[in-house]
Amino acid sequence: MSNNYIDEVTFVAIIWVCLTITFFFVLIRLGLQYRIGHKWHTSDFLILAAWLLYLGNGIIWTAVYKQMFIVYALGSGDPQRRGGSTIASINGQSISSGCAATSNIENWNAWVGSSMSSSTISATPTYSLDEETCVEGWGSGNFEGLCEKSCGWGYCPMSACLCTKLGPPPTVPSDTGVLGYLISGEDASYSGLCSFDCDHGYCPSTACGTTEVALTVPTVSDFTPSTCTSGEGSGDFENLCAFGCAHGYCPIHACTCTSTGNLDLSSIVNSTATAGLTSGLDDYGLCSFACERDHCYDVCEVGGSYSASEDYSCTDDDTRSWCADSPPCDYNLTFATLEDLNIVTNYTDIIENNNYNKTFKYYKEFIQGNITTSLTDLMDREPAGAGNAYFSCTPQIYEVNRTTTSCPWYEDSGTFTVYYELTNATGEWTMLADEYGIEESWVRFGTSELDERCTPEMYKNGCLSLDATSIGVPLKADDVVITDPRDIIADALPNLENLKEGILAAQIDMMLLGSWPGYSDDIIQTYSLAVTLLMQAVSSMQEVVQIGEVEEEAKKKELIEDILMAVLLVVPFLGDVDAISDTFTGLARIITLVGDVSTAAYTVYSIVEDPDDAIATIFETLLLGGLRTPEEYESMTAARREMSGDAITALGSVFKEKNTQIEDMLMSCIKAS
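Under our numbering, think of the first position of the sequence shown as 1335, with each following residue one higher.
Since the hints were derived computationally from the structure, they do not count as laboratory data.
Cβ coordinates follow ideal geometry from the N, Cα and C atoms, glycine included.
One or more hints might be untrue.
[Said to hold, decoys possible] Label-pair restraints from in silico Cβ distances:
no.: 1; residue 1: 1509; residue 2: 1778; range: 38 to 44 Å
no.: 2; residue 1: 1796; residue 2: 1510; range: 17 to 23 Å
no.: 3; residue 1: 1502; residue 2: 1715; range: 23 to 29 Å
no.: 4; residue 1: 1568; residue 2: 1448; range: 50 to 56 Å
no.: 5; residue 1: 1455; residue 2: 1502; range: 21 to 27 Å
no.: 6; residue 1: 1508; residue 2: 1458; range: 31 to 37 Å
All chains should be modelled from the sequences, with the hints used to inform the complete structure.
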């Protein structure tokens, strides 16, 4: 800031002092006249009014000048000063009329900036964070009132509420002794709030009661935004909107949503169906949405996009788009594609790659971390985790055992020990395996401690220490054995020799000897499934190696999915039914354990593991030694044609692309025959 500014401020101060002194002289003069009995003349009143006017102008002018300085300083980028020293400076950008489109955000501020001081700023808040607690917060929906009260009283569980303000511990109403419970139909998210709020005088009947009821396990999270559950439209959209809105699809340009709630997702019957309004108008996707779910109304016209699940034959006057293409019919091209079995060499190179070794280490760490997290959540105190139901608890206070009771048992403060005893081992292990993918050998029983002691300063503000020890709780075992995906792959690769021999024998019969008595396309469709499946597996493993070269934690989570995808696609090549079954059991647990990280992997698992699905049916016969009969190929091809468009897409982009190439060639041969 320039010295001119300091001079101007000094000048303003001098003027202000002079005005003030003169004003007091006027008051003294008028006061003396009053005391000695002189009457005030009109001139005296005019003098007083004039000085009051000057004084008022001085105040206003000084305030305006100060405001102008602040605006000027912030707008120009000049430094801010404190005690004559610069503490921070910032240069603003020019104001533009455009939007920050490249940042993919919406920002209504003309410009936002900040600056940090290069020197140490000495400032001490009124309270330290250790001395503060939540004093204000809120919750969504039915939690609003409960959270508003409890957060205002210092109890604001983050599993249900959002704290919006911290401060010194508030004054909490005295305990009423009322035992609050969630009402029937609600879940454990309400337990702690009802217990706390009801005990302090707030017990809303819409969420809490005084009678203990069984916990409800929700199928939808309490905090999942509502979706449309009914709606209406007019004209062509009357039935379409009624159906679409009822199942969460309610485009605002065509329909009006009339109620909201939990999503009722209608199952897809024909994922490849595409349709539009017969009128040719924009239907905003409603016809395709309805037709996919077997609700194709008269106002909709089914369109044509090729799908592997549809009839392969084309007639001379067929108007379907794929029948208009005429690539050459050459089965040699197909066998050239099948020779991509050389990718087995790529697979071997990949699993010996150093980056793969590094990613497998992360794979193990990620799975073990999920074991710890799951066990901790299952034994949570508030809200009570599901694992507590399989234990009994014996509290010990001051080395005296109390009455054994249900778990969890705890106090908000004090020093105590709780002994956990497993009372339903069968239920515990079944629940861990089926719902969380945790094997019994991955669990040990040990001790956990919670130490939240107060400092002497914190005691002055009413802090209550907590020193709780839990003995006999389930914890992650010290030595958790995670199967290396490379072992599964290594066991599967030898069986590929049978696959290569079968392809060679079929090629000789078809192309050289011309002695194959069956349909040639049956052979192509059968072997192409195996080859493209393996190519997709290699692609997934290549992704694993590439991700292994990246350090970002979020990116690394993708490799869990890619590893599982690659291994799942190789499992059918194991050949032995028992080996396949055991491997799928282990992989199913891993998929369950890692949860939403493996959504796509779970889809692939469902397809590959299903004994009635095409992949299981084909591989059961395909990997046997020797040449297959025409009847065996016909049976495998029939299974192949039953694969839905969803299944083809779920198996991966490489599989879908190669599958399309094979089928395009087959279409040409069918038309040419």
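Assessment of proposed distance window 23 to 29 Å (beta carbons of residue 1502, residue 1715): Cβ of residue 1502 to Cβ of residue 1715: about 26 Å, so the range 23 to 29 Å holds.
Outcome for the supplied range 31 to 37 Å, where the beta carbon pair is residue 1508 and residue 1458: holds, 34 Å
Residue 1509 versus residue 1778 beta-carbon gap, inside 38 to 44 Å or not: Since the Cβ atoms of residue 1509 and residue 1778 sit about 39 Å apart, the hinted range of 38 to 44 Å holds.
17 to 23 Å as the expected CB spacing between residue 1510 and residue 1796, which holds or is violated: Taking Cβ atoms as reference, residue 1796 and residue 1510 lie about 20 Å apart, which means the hint holds.
Residue 1568 versus residue 1448 beta-carbon gap, inside 50 to 56 Å or not: Holds: the Cβ-Cβ distance is about 52 Å, inside 50 to 56 Å.
Residue 1502 and residue 1455 - C-beta distance against the hinted 21 to 27 Å: holds, 24 Å
Figure legend: structure checked against the earlier numbered hints; every hint is met.
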